[in-house]
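Required output: the full structure, derived from the provided sequences and hints.
Residue-level listing of the chains:
There are 2 protein chains.
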Amino acid sequence: MDKGQFRKALKTLTEDHLHGAGELTRMALQFAADSALHAECKDVDTLKALLASRALELSGCRASMAPLANLLRNWQQGVAAMQTEKLEDARWQAAELAMTLIQQSRNAMREAASHARQHIGESKTIITHSLSSTVLEVFHQLKESAVRAIITESRPLYLGHRLAKRLSEWAVPTTIITEGQMGLFVRQADLVLVGADSLMADGSVVNNAGTYLLALAAHDQGTPFYVCCESFKWRSAEMADPELEQMSPAELGIPDYEHVTGANIYFDRTPAWLVTGWITEHGVSQGSVRD
Amino acid sequence: MDKGQFRKALKTLTEDHLHGAGELTRMALQFAADSALHAECKDVDTLKALLASRALELSGCRASMAPLANLLRNWQQGVAAMQTEKLEDARWQAAELAMTLIQQSRNAMREAASHARQHIGESKTIITHSLSSTVLEVFHQLKESAVRAIITESRPLYLGHRLAKRLSEWAVPTTIITEGQMGLFVRQADLVLVGADSLMADGSVVNNAGTYLLALAAHDQGTPFYVCCESFKWRSAEMADPELEQMSPAELGIPDYEHVTGANIYFDRTPAWLVTGWITEHGVSQGSVRD
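Residue numbers (the numbering used here), protein chains in the order written: chain A, 143 to 433; chain B, 143 to 433.
Calculated from the structure, these hints are not laboratory results. Hints may contain errors.
It does not matter which identical chain is used: a pair holds within one copy or between any two.
[To be verified] Derived lysine to aspartate or glutamate pairs resembling DMTMM-like cross-links, with alpha carbons at most 20 Å apart:
1. 307 x 400
2. 285 x 400
3. 307 x 398
4. 150 x 176
5. 285 x 185
6. 153 x 380
7. 153 x 165
8. 190 x 144
9. 184 x 144
10. 190 x 230
11. 285 x 264
12. 307 x 144
13. 150 x 398
14. 190 x 400
15. 184 x 400
16. 184 x 231
From a predicted model like this one, the values you see are computed outputs, not experimental measurements.
Here's what the structure looks like:
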């Protein structure tokens with residue numbers, strides 16, 4: 143992966159608004175592995191320096207996504223600590239490290255989903271917002287357990303249509319609603335289940351804009367609200383608050399009127415007091431008792 | 143207006159998802175006036191009976207809209223009480239009565255907006271959801287007062303684009319957001335202002351789905367939430383709770399997937415404890431002090 147290819151990879155990561163933080167992090171690690179194997183450099187030290195700089199660039203692509211920073215930092219530290227002095231060995235070790243982290247991330251996602259499956263049980267109706275690979279995995283694991291889905295269309299990119307397609311393939315009875323109807327339908331669900339782009343140290347959840355509204359409605363109507371994601375999504379208390387990414391307003395398809403502009407902030411932050419439980423590969427942590 | 147034309151009018155009223163309750167009520171009264179002038183009948187008694195039956199049909203078109211029932215009932219009572227025995231006089235009196243009610247409704251709307259304008263004052267940012275003729279009138283009255291607007295796109299029919307077009311003509315600086323972003327933007331507004339399709343006897347507000355979510359977010363973030371509408375929109379305590387109208391899911395434009403259906407409920411109900419104040423032609427009633 144030469145400089146030009148790497149620029150292109152960064153652009154792909156920055157502009158992908160269809161995949162969640164977990165999948166984009168695994169994609170970034172794939173770019174890291176490719177860089178390790180193919181970047182032009184003359185010895186181990188220049189390789190390490192180059193990979194350190196690329197890790198930093200990859201992890202900076204998406205400010206709202208904690209796992210990108212977490213796993214790229216893990217990778218970069220592993221690369222820095224490599225002992226070999228042979229360039230080819232160093233390339234393979236660095237690439238293998240990235241592939242191992244990808245595998246760990248996938249396993250964590252599946253285990254988190256498995257804990258969710260056990261916690262949720264049979265014959266439940268789950269309401270969700272946005273498209274999370276972890277929530278998708280939960281539906282996959284529950285598809286023989288009479289699960290039902292209520293999902294939002296998730297404007298502006300209609301991520302809900304993509305989710306509906308997968309649920310349809312698994313024969314999960316699914317109702318799609320506009321985001322505006324979340325308050326009407328949250329009561330019909332046994333629980334809310336969403337993924338996360340980042341979990342903050344205080345337990346608050348950064349996820350696609352609208353999640354906070356769903357959490358408020360769930361709280362008001364007594365429907366439990368769960369977040370399910372890999373623990374790599376926790377941001378340590380030392381990490382600065384993430385900037386909430388603003389995407390192009392063109393995605394909203396607004397006619398061109400003078401004095402009118404669109405806003406397209408992708409993420410909002412749901413405070414911890416609205417969260418009933420956090421589900422990761424380590425199990426279910428219950429939040430405070432709901433009032 | 144013969145039977146066929148009247149059927150067509152009923153269909154128009156039932157299927158119009160672009161206009162709010164105020165405008166549709168005035169449209170229904172126009173159909174009532176036309177019926178009075180042109181319906182086929184041989185004497186005053188048959189005219190009265192026919193108009194009573196048509197008033198009932200018109201008022202039943204849109205269950206979520208209180209003013210339709212209120213003003214058509216007023217009209218029908220006025221028609222029943224008419225003293226004349228001359229058919230032509232009766233026709234004119236009944237039509238005039240409908241036109242007077244239309245004018246009263248328009249005046250009430252403008253006066254409610256005028257109270258809102260005085261209450262809001264200069265240089266304020268208003269966030270709204272859906273397209274209300276009363277809220278539009280408030281913006282019209284405030285357009286020289288440095289007002290700014292944050293409006294939702296209001297899926298599924300993008301009513302927000304229509305609102306944006308009007309605000310653009312008045313040079314009101316306007317930001318359009320998806321419904322999902324309401325929780326992010328409510329804090330940037332000085333107040334929420336919405337219209338209503340019905341006001342319930344307990345002060346709760348029936349309005350386009352998503353209003354309840356905006357009210358929850360406003361409450362959570364301390365932004366005052368006002369409803370502005372004519373007092374004809376109050377439902378008396380004796381009236382049954384309105385059914386919340388469900389429109390065709392086809393409006394959502396969901397791809398055709400097996401096991402997947404769309405839901406398209408147009409209205410939700412915002413409880414009174416989330417309302418800071420109700421503004422009608424009689425002035426501003428403040429709700430309970432906000433916690």
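Would you list, in rising numerical order, the hints stated earlier that this structure does not obey? Result: hints 5, 6, 12, 13, 14, 15 break, sorted rising.
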